[in-house]
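Residue numbers (my numbering), protein chains in the order written: chain A, 1 to 1028; chain B, 1029 to 1146.
Keep in mind that the hints are not guaranteed to be accurate.
Claimed, not checked - Computed cross-link-like contacts, BS3-like style, restricted to lysine-lysine with a CA-CA straight-line distance of at most 25 Å:
hint, chain 1, residue 1, chain 2, residue 2
1, A, K441, A, K359
2, B, K1101, A, K1018
3, B, K1095, A, K930
4, B, K1095, A, K1018
5, A, K42, A, K131
6, A, K544, A, K504
Derived by calculation from the structure, the hints in this document are not laboratory data.
Computed from a predicted model, the values in this text were never measured in an experiment.
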Amino acid sequence: MKKGWKIALISLGSLIGVVIIVVVVACWVIFTPARLTSIVNKLSADYLTCENHFERVDLTLFKTYPNVGLDVEDVVLINPYTLPDSNALAAKAVHNDTLAHIGSLTVGIDLRAFLKDRSIVVRQVRLDNAKANLYTAPDGWSNLSIFKPSEKDSLEEKSSSKLPETIQLEKISLNDLSAQYCNLQQNMLAQVDDADLSLKGSLLNSQLDADMSLDIAQVVVHMLDSVGAEKIYANLDKVTLSFDGQGVTDNLDGKLKLAVPNGDFVMGGKRYTTEAMQQSRKDLLSLNLPFHANLDNKTFTLGEKTELSLVGYDLGVWGDVALAQEETPMNVDLHYAVDQWQVADLLAVLPPFITKSLKGMAVDAKASIHGTAKGVVASGRLPLIDADVTLEKGSFSAPKMLPMPVKDIRAQLSANLNLSSDSAYKGPSNVQIANFSAKVKKTNLAVNGVVQDLLGDMLVDANVKGDINLPDLRPFLPDTMPIVLNGSSKANLKVKSRLSNLTKLNLNKVVASGTLYFSKLDVLYDSIHAASPKLNVALSLPTKKTSTKVSELLGARITGGKLNVEMLSNGLIAQVENPDIQVGMPNILDKKQAMAAAFNIKFSKVDAKMDSLLVYSDTLKLKGSVKNDKSKDNVLKQWNPDVDIDIHRGVLTMAGMSDPLRLTDFEFNYKPEVVQIAQADILWGVSDYHLRGKVYGLENWLSHTEMLTGDLSFTSKYADIDQLMNILSGMGTDKDTLAQQRVEDNVPKEANPFIVPKDVDVKFNTHINRCVAFGNDLNDLAGTVTVNDGTAILEQVGFTCKAARMELTGVYRSPRVNNLFVGLDFHLLDIQIEELLDMIPTIDTLVPMLSAFQGKANFHLAAECNLDAFYKPKMSTLIGAAAISGQDLVIMDNASLAQIAKLLQFKNWREKDNNIGVDSISVEAQVFRKEIIVYPFLLNLHNYQLCIGGRHTLSNDCNYHLELLKCPLPARLSVDVNGNLKKPNISLGKIQYADLYKPEKQSYLESRTLEVKRLVRKHLEANVRKKD
Amino acid sequence: MGSLCLTSCEPEVVTINIDEDLLVGTWYAMDNTQEFWRFDAMDVNDSTRSGETWDESEDVQEGEGNKFYWEVKHNQLQIDLYGEMGQHVYYDYSFTAQSATSFTWKDLYGNSRTFTKK
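Extracted from the complex, chain B is given alone in its bound form (with noise of 0.2 Å):
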């Protein structure tokens, strides 16, 4: 996000409007690593999403990974992880794909993912 003119300055890729509800559920990167984004759905009670992402190839499992809060503004998907510690770390991306079974993203200086799901 700090280089965010990057961005804003070459945006030769088409970017897609996200859909929130296609989002939810788990997803593993399609890039020979064993990462895992879970998004779960709105809690009622407070209008949050939520999130886990993990890292299975270094013996972390799902629960023992990074908590975040999640949500589409602008077209982008924003992702808020939190620690225990009270640090916020924050990523945006936009969607250049999205099916009910994979998706991909693309980071503020250009690098794309793809996930599919669990």
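Chain A extracted, bound-state conformation (with noise of 0.2 Å):
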């Protein structure tokens, strides 16, 4: 383009030179319009190898007085060539044989400098109506090449010399002038239309003055890149530039102006001006630039009222600009300000490539800006950039990124920018934040920090304090996290994480840490619903490590005056005061992880309801973590807990209960698959309850898919075992179904037996010291109480009461309501008789003939029976048996044995102090239904042996036989017992047992019987547990 320029001004000064000479030529001979005419006509061909026309050419003294002037009316030159086909270029430019067309030249020439030294001072030239086609081929052929070559060697010669030393122009004005130059070798198309030029300057001993003025209708540029793409495209609409310059060529100063009101600018496949730019009433680009220049080193001052406006928006630039020399890069060393920019207009107007990045956001600010540009400009380095910021009045809206629109914005930063591409320049860019608000519907946010690695993923180290209103963070969760968030909260928080991290939402890069002041707060997530007037929440991210089981990240502790939890699914509402709550969770903002939390919760005042439960305790702690599994079916398998309670000082009423459960101490700890009982002293009613021991399977239970198992301690001081079983009553069995049983077996509502546990395995390892049970006292129970689906079992219970020790095996089940069954085996060992009877008076029912005894002896009884809803045995389903032995007995006197002693003539075979003594008795029994049978037994009373047998029912109906086996008689006399067992009919009867006891004399029944009451022995006293 330079080359092309020159060009074109070394043929306007060779074409200013012929004319002058023409002038000079006309002045001296020829002073007519014709014959200068002609003579110009001729000599041109002397000049110029084109084809070329001259129309009139006259002198003139008048239009450039005080000058004399040349005046040359339609000059025509012709310099045909061809434009290539394929060319992109030559396809935009308009063909032209006519390489210029000049309507009016007028050039004055100062005369007195002509008449005294005969020197050619040109003092004025004026072109009108001048239309230029310049052209250079891609092989370099230009149509400019019109003058023969000793001429143009001549005025190349003088063009390309240096400057004069003294140039002083009146005026040139270049009036309406079109051109368009067209170089297919540089790939460039120019096309001025309507342009007016007005220049009036001198140049004297290096001292410049020059005052220009252009005015351009219309400027089209096209510049296209070697494969013919458009490099760049301009059509700029009314330019106009002024240039006002004065002094010497180190030290000038001038101003320069430049607008361009509209127009159209493309670079690189890229439109710089919008629709936007177009329509504005604003000048798309103007420059005011006062300046300072050194020519000789090529610096410039800016001064401090340069502005440069785009669309409107004005940027005032001052400072030095040194421009590239042979050793030294560009350097600059600027200031710039902004004031008060409208950010959203100036996006508005801004082509889309810039503002892409902005997509889908809308932003808003008033933008003041100034700051500097320091530092080199050559290819990989720019100067580094400092600017501080100051917006107001700011808007933010991304409906992707955010869910809420950030308004109320305000900031002043200091940013401090290396946009050095070149590695070895390349530096830190960053932002100071020193302080920014903004608000989202009605939360105020306020930041202070730094931001580093603006240009690249941007790292926040930030202060962050909110006034936040709860509600308005619920469009930052995800969706599917089911929680509603209501109350407010001061925010005092510290962030450090690069800006994606953030934005994703990717909490383990973040790191974090402040406490949360909430009011009011009130949080539903699933179907817990938590509140609290006033409740403090420490964050910290990431968290330090407490559980083994849950990936913490997130920590928050928690802590108030009061907190108010219900969960919605099970009706469970609690109020606990001075909650100090430590929870650690996972990313709970990854939806692939389950909800999960690792926590340590103290409470010192709990007060629960759920249903007909009431709970309060004086403090609680729960250690432990819990993991969220929705496909589970039950609360506890959802939450998978592994937590550590402590109840200190609990108290626990429910439906049913007549007194309320107070939990002196309980400690246990929760797992899935097993709960672990520490501690467990309960008090209850006049009752204590101390629990060790594990617990098993307490999730699938409540899922009814396993039983619950356990092995338990229990121990008591006192117990209450009937309130304790009435509690215990029908737990695990469907209410409906006992209903259903009830209606079917017409049992009546006054009756309430109990119903054993279903879907339990339970072991109690028992010691009560001191008890009740169905109206008994027993003392230093101790033994194995089982509890098996339906089933109780108390397997070698042994105990004390007022009568014996005593040890009980007994099953009960509850199978119907109506038919019930019960077994023991029961031993009562150094057992006082009377005090046996007095407590079980069905002993005498089961051996008449003990209540005559003495002294302490050993029982033993295995039975069973079944029971009706009121405990009513079932006789038909009676079947026991009996062992009853003792030794150094008394017999009671009575009219029965008095009236058999006399009968069996006893003679002397009482003690001295008239008692009756027994050395032994081994007494065997059975009952089944109604029957009761002894089996022989020998009863020795001092010189006579006896052996009775026999039969009775519970009707009293009997047949009992008494036979002497040794007296000091030598006759064998025994007697029958029969009839009414109370009022017996006693008579002498036949010999029965003389062989019994003589195994060679014994029939197989007499052996069976013997056998069987051998048996009958063994396997009772074969139950009776080994004292320690």
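Two chains, two frames, some hints: make the complex.
The structure is reproduced here in structure tokens:
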């Protein structure tokens, strides 16, 4: 391009030179226009190689007064050429063989200088209505090559010489100039339409004084790259340029003004102008540049009033610019200032490729920026830019990034930018946020801090203070998170993170800490509702690991005065005081991770309610973890807890409980597979219970898939077993099933038997100092109680009562409300017989003659019977065996005994104290339904040995036989006791037991009788516990 | 059984040989009770014969009654009722009549009862 203009200027200069020569000749030889015209046309052939024509040449004094002038009209230069067909740029150019057509050219020459020293001094040049068509072919040929070589060389020599030392131009004016410059060698096409130039100036002894103005109606420029793609396209309308400068070349002051009201500009395929720019009433581009220059060393100082304006957006720039020289790159030291730009309006007029990163966002603010740009401008190097930014009345909306718009943005930022791409000069770009405040709905946020790596993935290190309206947070949480938030919070947080991690909510790469001070908090998460008038939450991200079961990332410590919690799924309502809740959770925003938490929770007071269950505790501590699995079918399984629970001074009441349950100390660990009770000290009514041990499968039991199993130590100083049975009755059995059974079996409402819990297999190793059971006071009760799927088993329970040391193995089942089952394996050791009978009167029915004895005996009984709903025995199912043995007993004298003794002719069978001593007895008996059979047993009374056996019924019908086996007399006597047992008929009987104890003479039935008798006792005594 | 001497001393009632096969089945007492006795056939696995007795007048149904083993020895029906607590109760009966539809037994004290097949 430079070369083209150079050629054009040289050509113009040459033309002016020819004209001047012509004028001179004309002045001296020919003064008439005809002659002058003729001469010029003839002379042009000596200088010009192209076809040319000068229509009229004349001298003038008036137009150029006080200078003499040459006036030339209608100059035509024609130099044909052909545009290549396949050239994209040629296709845009207007083809014309006319190189130039000048409507009018007037040149004014200083006549006095000419007359004085014959020097030609041009004072004025005026060119009107000129059209030019300059063309350079791809091979470098130009249609400007119109001068003959000698002339041309001469002209080039003159033109290429350096500027004359003295130039004084009163005026140069070009009016209505239109030109096309097409250079296919450099792939450039420029078209200028209706240009007016005015230039005045002088250059005297290096002192320059110039005043220039240029108005162009339209400028169109195309520049293509090597493959024909458009590199630059500009179409500018009504361009005005003015320059006013004075001074010497190394100390030049001037002012440059440029205005481009409208136009279109494309570079590198990107359109820099937009419809909005073109429709704006403001100039597309304007420049007001006062400057001071040193042209010798190519340095410029831009004045402080320099203004660059783009569609009305003013940028003030001032400072120093040193252009690149041979060994030094360009260097700038500039200040710039932007005042109150309306960002949204600016973004609206900027081209889309600049604002594309803001697609989907609405950004606005009043922006004021001032700063500096200092440093080298070279390939890969750009100056360091400092910027102080003030934003006011800003807003930001990006629905895909932020669910709600941010308003009232105010900010004061200081940025340091290093934009160099050369790695040797790259450096950090940071922003110091002095303050930033914004509002999201009713939430106010204030931020200060530093943003590093501004041009990359920003590293934010900020302090955030907020006044948060909690409902405003909901849209920022995942839609799938079932949470409703209400209340407000003041926040004081510190955050350090890459911006990408914040926008992607990649919490595992965010470092944050701080405290939220909640007021009137009300949160509903899934089915859990929590509310507190005042609550503080200290957050840490990442948090310290406290659990091996939860990948803790987010830590929180919640403290406050009161906290109300409600679980809507099961109706639990709880109020706690002074909560101190430490929670560690994984990335709660990671949808792939199950909700989990490790926690350490302390409450000073708990008041909870679920259905009829009321719980109160002075102290409640929970430490452990939960992990959610929604596929599970009950609450415990869904949360999979592993938790240590410590309740101190708790109270529990529920419907049907006569007395509240007081948990003095209750410490246990709950795991999905096992509940381990470390200490459970419970007071209930007048009873105290102390539990230790393990319970297994609580979760599966609650979901009715498995039995609850357990092995517990159960101790008590005093226990009301009846009360305990009442509360446990029916546990695990469907209430509807029980009700249906009652209807089917016609069970009266008054009947309320103990229904053994079902789906339960729990073993209690009991030791109860004193208890009341079925109205009996028992002491030192110890043994194993097992509740196994509807069956309660008392195994080897040993205890002492006022009568004896006892051992009891009992079985109780409740398959039907009206068909209960009770089985006993009962041992009374060292028993006072009369107390035994007092304690269990039924024994008198079983062994009627026992009431005649006094002293200690051992009693063994194994029996079972079904019961109806009132615990009344169903005698048709009664089946039992008993054995009684004793030594050194005393027989109480009574009428029946006296009658028997008389019949058997007892003499001297009483002791000296008149008592009837018995060395020993060993009785075995059986009961089935209503019949009791006493196997034959021996009774040694001093010098007599009796064998007694027989049967009786519950209706007291009896058939007993007493036979003397040894006596001082030789006779063998026996008596029969028949009839009603209470008033029996006693009479002498026949001998029956003569061979019973003589193995050699025994019959089959006699031997079978003794064998059964032996087996009965053996089986019964085998269950007696060995004494420790 | 305890007072075995009564039978040995008063054998005035004629006893018959007991047919074990005829005994298999469920029988109910002909004395205005709702007492049932079920005698099961021999278990081929352990060569035992078992059975159950229940009384529906007390709302005890089959399956809820008392279990027993039975065998015929020395022409006596020996019943060994056993309970869950380990206790055993023994009864010996002689038969005075037996058919496919009824039988009459007599205990060691001379008490007789007649049963009809269900």
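Quick rundown of the hints versus the structure:
| no. | hint | in the structure |
| --- | --- | --- |
| 1 | A:K441 to A:K359 | 23 Å, holds |
| 2 | B:K1101 to A:K1018 | 24 Å, holds |
| 3 | B:K1095 to A:K930 | 17 Å, holds |
| 4 | B:K1095 to A:K1018 | 21 Å, holds |
| 5 | A:K42 to A:K131 | 23 Å, holds |
| 6 | A:K544 to A:K504 | 23 Å, holds |
Taken one by one, the earlier hints all hold for this structure without exception.
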